[in-house]
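The residues making up each chain are set out below.
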Amino acid sequence: MNVLKHKFAEQRYPASPTINFDAVTCAFASNEGGGKTYTAIRDVTLTVNDGEFLSIVGPTGCGKSTLLNVAAGLMRPSSGHISIFGKELQGGLNRDASYLFQADALMPWKNAEDNVAAGLIFHGTPKAEALEVARDWLVRVGLDGHGHKYPHQMSGGMRKRAGLAQALALNPRILLMDEPFSALDIQTRQLMENELLQLWAADRKSVMFVTHDLEEAIALSDRVVVLSAGPATRPIAEFDIDLDRPREVADIRMTQRFLQLHAAIWDVLKGEVLKSYARTRS
Amino acid sequence: MRALALDPRNRGLVQASRLILLSGGVFIWWLCTTMEWLPPFFFGDPIVVAQRMVGWFISGEIFLHLYTTLLETLLAFGIGTALGLGVGLWLALSPFFAEVTDPFLKAFNSMPRLIFAPIFALWFGLGIWSKIALGVTLVFFVVFFNVFQGVREVSPVVLANTRMLGASSRQLMRHVYLPSAMSWVFSSLHNAVGIAFVGSVVGEYLGSEKGVGYVILLAEGVFDINSVIAGILLLTIFALLLDAAVSFCEDRFMRWRPEAGQTVGATA
Ligand SMILES: Nc1ncnc2c1ncn2[C@@H]1O[C@H](COP(=O)(O)OP(=O)(O)OP(=O)(O)O)[C@@H](O)[C@H]1O
Ligand SMILES: [Mg+2]
Chain C
1 MNVLKHKFAE
11 QRYPASPTIN
21 FDAVTCAFAS
31 NEGGGKTYTA
41 IRDVTLTVND
51 GEFLSIVGPT
61 GCGKSTLLNV
71 AAGLMRPSSG
81 HISIFGKELQ
91 GGLNRDASYL
101 FQADALMPWK
111 NAEDNVAAGL
121 IFHGTPKAEA
131 LEVARDWLVR
141 VGLDGHGHKY
151 PHQMSGGMRK
161 RAGLAQALAL
171 NPRILLMDEP
181 FSALDIQTRQ
191 LMENELLQLW
201 AADRKSVMFV
211 THDLEEAIAL
221 SDRVVVLSAG
231 PATRPIAEFD
241 IDLDRPREVA
251 DIRMTQRFLQ
261 LHAAIWDVLK
271 GEVLKSYART
281 RS
Chain X
283 MRALALDPRN
293 RGLVQASRLI
303 LLSGGVFIWW
313 LCTTMEWLPP
323 FFFGDPIVVA
333 QRMVGWFISG
343 EIFLHLYTTL
353 LETLLAFGIG
363 TALGLGVGLW
373 LALSPFFAEV
383 TDPFLKAFNS
393 MPRLIFAPIF
403 ALWFGLGIWS
413 KIALGVTLVF
423 FVVFFNVFQG
433 VREVSPVVLA
443 NTRMLGASSR
453 QLMRHVYLPS
463 AMSWVFSSLH
473 NAVGIAFVGS
483 VVGEYLGSEK
493 GVGYVILLAE
503 GVFDINSVIA
513 GILLLTIFAL
523 LLDAAVSFCE
533 DRFMRWRPEA
543 GQTVGATA
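Protein chains in written order, with our numbering: chain C, 1 to 282; chain X, 283 to 550.
The set of hints was computed from the structure by calculation and includes no laboratory data.
Glycine included, C-beta positions come from ideal geometry on N, C-alpha and C.
Check before you lean on any hint, since a few could be wrong.
Said to hold, decoys possible - Partner residues are not named here, just some residues of chain X that face chain C (Cβ under 7 angstroms, in silico):
hint: 1; residue: T315
hint: 2; residue: T316
hint: 3; residue: G360
hint: 4; residue: P438
hint: 5; residue: V439
hint: 6; residue: V440
hint: 7; residue: M446
hint: 8; residue: G448
hint: 9; residue: A449
hint: 10; residue: M455
hint: 11; residue: W538
hint: 12; residue: P540
What the hints assert, rightly or not - Label-pair ranges, simulated between beta-carbon atoms:
hint: 13; chain 1: X; residue 1: I401; chain 2: C; residue 2: F28; range: 25 to 33 angstroms
hint: 14; chain 1: X; residue 1: W312; chain 2: C; residue 2: G145; range: 58 to 66 angstroms
hint: 15; chain 1: X; residue 1: Q297; chain 2: C; residue 2: E32; range: 54 to 62 angstroms
hint: 16; chain 1: X; residue 1: C531; chain 2: C; residue 2: D136; range: 50 to 58 angstroms
hint: 17; chain 1: C; residue 1: Y38; chain 2: X; residue 2: L353; range: 38 to 46 angstroms
hint: 18; chain 1: X; residue 1: P385; chain 2: C; residue 2: S182; range: 41 to 49 angstroms
hint: 19; chain 1: C; residue 1: F28; chain 2: X; residue 2: Q297; range: 50 to 58 angstroms
hint: 20; chain 1: X; residue 1: R539; chain 2: C; residue 2: S182; range: 22 to 30 angstroms
hint: 21; chain 1: X; residue 1: P385; chain 2: C; residue 2: L199; range: 53 to 61 angstroms
hint: 22; chain 1: C; residue 1: R253; chain 2: X; residue 2: Q453; range: 37 to 45 angstroms
hint: 23; chain 1: C; residue 1: G145; chain 2: X; residue 2: R539; range: 18 to 26 angstroms
hint: 24; chain 1: C; residue 1: Q102; chain 2: X; residue 2: L304; range: 33 to 41 angstroms
hint: 25; chain 1: C; residue 1: G145; chain 2: X; residue 2: L301; range: 40 to 48 angstroms
hint: 26; chain 1: C; residue 1: G35; chain 2: X; residue 2: L353; range: 45 to 53 angstroms
Make the full structure from the sequences, and use the hints.
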């Protein structure tokens, strides 16, 4: 147990925006045809601050992945603006960010090492050096000795770790994560969450973390944003998480403050989950 | 009594059964023709066929023909594959041209392209190039459609991830599109091998002065059915060898591909 209480939360970082959503709306062509559209998110205004760990929670299908895709520059908003470090993203990709996708995204024809090294090679690092860094990262995410395995030879959890190494090896200033741990069992998951927190504490990247799991969101973040049920999703509440750091995700769940926060956020989230459920059933 | 376990993984048993099937077939053929149930004039005789083949190799008269046919086939195969790969990648990545050329490609593909043989003979003469041209038109489409499909089937998530990792469009080609297309290309190459042989042999058959197709044509002219069958068998053997070479490359380059139920038994 951690008795030494570092008051990290109190020395707040200056709130300079890293990612800034300004009235972002995303509408998709609906497959009913006839020019009908489905508005996944509407008028989302949201800021991720420098060095902040921000979690997004919301009912399934509400538009969390869509938000990340917009932040990554993979998807252009139908209207509104997205800026990264004050510069508007116009059609291009967000070059400051690494993106950990919800689905498996490793190149199936490269083994773990080559997959992790690929990003560095794309950025011009010589191959030998890139492989060196890749091996180092594989060790850090607990894949020591699995570097020569191809994705289909790894378990789901191992693939997620390799993906994490791939994203972090580039040492991005922004980390976009889409339910990275939802496929893992509870023990592995807590190990990975702790690892992530340690890695994050080392240089405080700005993190936008999407999850279904409210407990995970509270345990990891500085701030939790709750999205409304779709369609036309928007943020409806946000909560500052004033738990001390460094945190131990398993232990922190037992604290009084955690439970209070959980109750408060769940109060808001529950309503949206029920709405979303009712809509998908009807 | 224990039933014999017909396990497809038992290599020895599989090979033995294949041998039995082959020799059984040949034996029935031999029996039918020697007993004159089937006229040997039209159906040949396995022993004479074998003698013919051995004779060709001993006298050495077949080598020039075999060399010609193999050269035509390999060149047609190589050129057709390279063109199919190049054009397939290009069109798959430029939707505009893909849309424009779509009806033409469909038309060329559905055309009975063997009919081109006489035209190519006029254009390229009776040498090897008219046969290669025929083989290329046959191989090209098989490879082309597979590459096109392969590029279209690239997982959008893998693509987005690789782009996010900072790949330029050339790097995307090399690290995503090409490897993804390769697994499709390899499955098409097995077909392409056979088709390349069809191109050369039909070309030779219609007009040439050397090649295995020409040998078959001559033998047919004098109703020497045994030589015709020997020629066909020779081509079959070389098609199988080329196919084995493709499989060998496939195993080397496609190591990343998952195979169903890839477990090994415990070693005692
Ligand atoms: N390319 C698309 N075309 C049409 N509709 C889409 C597209 N992408 C997403 N949507 C719709 O937008 C909504 C939000 O999708 P999104 O993937 O962002 O949900 P999510 O919150 O990430 O869900 P989950 O928690 O299940 O991952 C969904 O209703 C989905 O059907
Ligand atoms: Mg999602």
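Evaluation of the provided hints:
1. T315: 52 angstroms, violated
2. T316: 54 angstroms, violated
3. G360: 23 angstroms, violated
4. P438: 9 angstroms, violated
5. V439: With a closest approach of 5 angstroms, the V439 (chain X) hint holds.
6. V440: With Cβ-Cβ at 6 angstroms, under 7 angstroms, it holds.
7. M446: 5 angstroms, holds
8. G448: 4 angstroms, holds
9. A449: 5 angstroms, holds
10. M455: 13 angstroms, violated
11. W538: Holds. Min distance 4 angstroms.
12. P540: Since the shortest Cβ distance to chain C is 4 angstroms, the answer is holds.
13. X:I401 / C:F28: 25 to 33 angstroms: With a Cβ separation near 51 angstroms, I401 (chain X) and F28 (chain C) fall outside 25 to 33 angstroms, so the hint is violated.
14. X:W312 / C:G145: 58 to 66 angstroms: 59 angstroms, holds
15. X:Q297 / C:E32: 54 to 62 angstroms: Check passed, 58 angstroms falls within 54 to 62 angstroms.
16. X:C531 / C:D136: 50 to 58 angstroms: Given range 50 to 58 angstroms: violated, Cβ gap about 34 angstroms.
17. C:Y38 / X:L353: 38 to 46 angstroms: The hint (38 to 46 angstroms, Cβ to Cβ) is violated, given that Y38 (chain C) and L353 (chain X) are roughly 60 angstroms apart.
18. X:P385 / C:S182: 41 to 49 angstroms: Holds: the Cβ-Cβ distance is about 46 angstroms, inside 41 to 49 angstroms.
19. C:F28 / X:Q297: 50 to 58 angstroms: Taking Cβ atoms as reference, F28 (chain C) and Q297 (chain X) lie about 56 angstroms apart, which means the hint holds.
20. X:R539 / C:S182: 22 to 30 angstroms: 27 angstroms, holds
21. X:P385 / C:L199: 53 to 61 angstroms: The hint (53 to 61 angstroms, Cβ to Cβ) holds, given that P385 (chain X) and L199 (chain C) are roughly 55 angstroms apart.
22. C:R253 / X:Q453: 37 to 45 angstroms: For Q453 (chain X) against R253 (chain C), whose Cβ atoms are near 43 angstroms apart, the range 37 to 45 angstroms holds.
23. C:G145 / X:R539: 18 to 26 angstroms: 23 angstroms, holds
24. C:Q102 / X:L304: 33 to 41 angstroms: 53 angstroms, violated
25. C:G145 / X:L301: 40 to 48 angstroms: 44 angstroms, holds
26. C:G35 / X:L353: 45 to 53 angstroms: For G35 (chain C) and L353 (chain X) the Cβ distance comes to about 59 angstroms; the hint is violated.
Of the numbered hints stated above, those contradicted by the structure are hints 1, 2, 3, 4, 10, 13, 16, 17, 24 and 26, listed in ascending order.
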